[in-house]
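Peer 1: In case you want the letters, here they are:
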Amino acid sequence: MKYAVLIVICVLFGSCLNDGNCLITATNNMHIQFKKLSNSKDSAILLNTVQISGVSKDSIPPVNAKVTEILIPIDIHDTTTIFILQRTNPADSTTHYDTLQVGYTAQTKVIAKDCGAFTYYQNLKVLSSNLKDSQIKAFSTSLLTDPTLYVAGSANYQAYAVNYQIFY
Amino acid sequence: MWLDLPIIKLMLSIIRFFISACLVFFALLLHGQEKKAPPKPKKDYRPTGLRVGTDLIDIGKTLATNTFTGWEINGDVDFANYYLTADFGTWGKDILIKNGDYTNSGTYYRVGVDINFLGKDPDKNMFFLGFRAGHSVFNESVNYYTNVPPHLFSPLDTTYSNPNASGNWGEITTGLRVKVWKGLWLGYTARMKFAPTVTSNPNFVTYDMPGYGVVQNTLWWGFNYQVFWRFAWRKDKVLPVKK
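Keeping their order, the protein sequence lines are chains A and B. Under the working numbering, the first residue of the first sequence is numbered 1, with each subsequent residue one higher. Under the working numbering, the first residue of the second sequence is numbered 1, with each subsequent residue one higher.
Looking at chain B on its own, in the form it has when it is part of the complex:
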């Protein structure tokens, strides 16, 4: 009879719930002991190939315009989903400015690391983010005409040059690399260039640094559309875990 009391019914319900919860908990615990999560395969950092390419935009600009001449070679080596990357190029500009002309020519290189976010792709296709440090060695010259009001002085033709200028900058990069056929790859790289520094003639402020662009723009951008050939020397495979 006392079992029909509401308070006793409530207590019995709580005890039943507690016992059920304990049973479920122990069952899960036993299940977990039986099936351990499979160990993560150890990353293989040994490189599997060298990818070498060139920038098609630079070649196109060289062929299509008479104000730019240049080419660029790009290369990278994989270390799992990290890529050590290096670029080397030349860059020359011959620009007509409003009151004269400006020319420069030089070589540059960039080195850096890309991180591939498609690390599990069997073809090693890439969507990457990376960083580059750039260095340029170049010469530049400008020839311009000055005729200032109120024209008390005769017009002045000025020529200045920076024969042994050099500079550095940094880049944050992103892009794609897609395997098209066997060793043929296509891809693009978008670059946000920043923090240019130049060592040059103090009487002539550097205008355009090969590899970087207009130096007055402390934040600049660049874009490469690239074709690559990948020389693979071994297949990428997952190493067994050491016991």
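Just chain A, with the same shape it has in the complex:
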């Protein structure tokens, strides 16, 4: 009986010492969804390339696909990032360049000794864009991911908080 009590005490105190799992919600990926102004069910756009300030053009592989949402990384060395989305209008095959400059703040958190420290990006806002204000709808101002939904090797959009919807 006394051993049972000892085991219970050890388990209780052990749980106090345990750092737990490293569930990291920090990310530098911004989640953008594309929508049609016409309320069409097919909201996919033909996205050719994405340029990101601070990254050489050659480093980013072209998209060249119909997409309804994308995850694009913000510059971790700066507090602003400029994105240029090159897309093709399928109606007339014209090429459009949409520019989006976003600003953000960084907050450092030490999660635990065995997990490390991470930067959380917050206060996301559009600083400038060639899109009309009515075309950009803001959602979460923080870049966050749900680690329980993360799938290694694939972009699971559901695991990331939606930051913006862009209407075409």
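For the record, the hints were derived by calculation from the structure and aren't laboratory data. It is possible that part of the hints are untrue.
Incomplete in silico selection of chain A near chain B, CB under 8 Å [said to hold, decoys possible]:
no.	residue
1	Gly-54
2	Lys-109
3	Lys-113
4	Ala-159
To give an idea of the chain B side of the interface with chain A (calculated C-beta under 10 Å), a few residues [unchecked claim]:
no.	residue
5	Arg-46
6	Phe-79
7	Asn-99
8	Ser-105
9	Ile-115
10	Asn-143
11	Val-148
12	Pro-150
13	Thr-197
14	Val-198
15	Asp-208
16	Gln-216
All residues carry an ideal CB built from backbone N, CA and C; glycine is no exception.
Use these hints to put chain B onto chain A, whose structure you have.
Peer 2: Using the frame of chain A, we list chain B on its own:
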């Protein structure tokens, strides 16, 4: 002859029982008037001594590890079975985290009251429950390495610091103080710490607050094993009741 009737017998029994009960009641009443309960001795709230000690665990951790440096002084003064208690300490940590290192250092104090539940013990040994309010002034810094997939940006070395951070918290305490020899006392204090609040650089969330611990844990615990010396300036005695 009519006295043999069952109903009359029952009535006589009831009358006899009633008379006996009345006699017992009056006897007890008279007895109570003769012997009044002795008056409770009035508590003497004048302090009888100052107990000063230190935490042996902090000293042990400082000597045995290279990740912690600290010490703590504890003191209390008795007011009957209530003790005004104060602690002062320093705390510094140098921790290797998975992607860098974290350091902090600072001072803290706690003040509070303990209630001794062994108030009648002639040696004033204690089993106590108490409350503390804690305050800490400290600095902390972290240096860490970030290399996020898909590795479009070069790895980033980040350093942040909180040079003038401060914080508060509360504690519920319990423990023992036992007189070992003359003025030498040993004891332990178990602490349940709660409600930490920190004022610091908003770009760096405080990780570890001296005196409290990991701030993300809004309910935390602590343990001290302490050695004390008690400087007694008078004997504890019961004051006579004023007439």
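Peer 1: Look at each hint and say if it fits the structure.
Peer 2: Hints, one by one, checked against the model:
1. Gly-54: Given a least distance of 6 Å, the restraint on Gly-54 (chain A) holds.
2. Lys-109: holds, 5 Å
3. Lys-113: holds, 5 Å
4. Ala-159: violated, 13 Å
5. Arg-46: Arg-46 (chain B) check fails; min Cβ-Cβ to chain A is 40 Å, beyond 10 Å.
6. Phe-79: violated, 33 Å
7. Asn-99: holds, 4 Å
8. Ser-105: violated, 16 Å
9. Ile-115: Constraint on Ile-115 (chain B) not satisfied, violated at 25 Å.
10. Asn-143: holds, 8 Å
11. Val-148: Because about 5 Å separates Val-148 (chain B) from the closest Cβ in chain A, which is inside the 10 Å limit, the hint holds.
12. Pro-150: The hint holds - Pro-150 (chain B) has a Cβ within 10 Å of chain A, the shortest such distance being about 7 Å.
13. Thr-197: Violated. Min distance 17 Å.
14. Val-198: violated, 13 Å
15. Asp-208: holds, 8 Å
16. Gln-216: This interface hint holds because 8 Å falls under the 10 Å limit.
Against the hints set out earlier in the document, violations occur for numbers 4, 5, 6, 8, 9, 13, 14.
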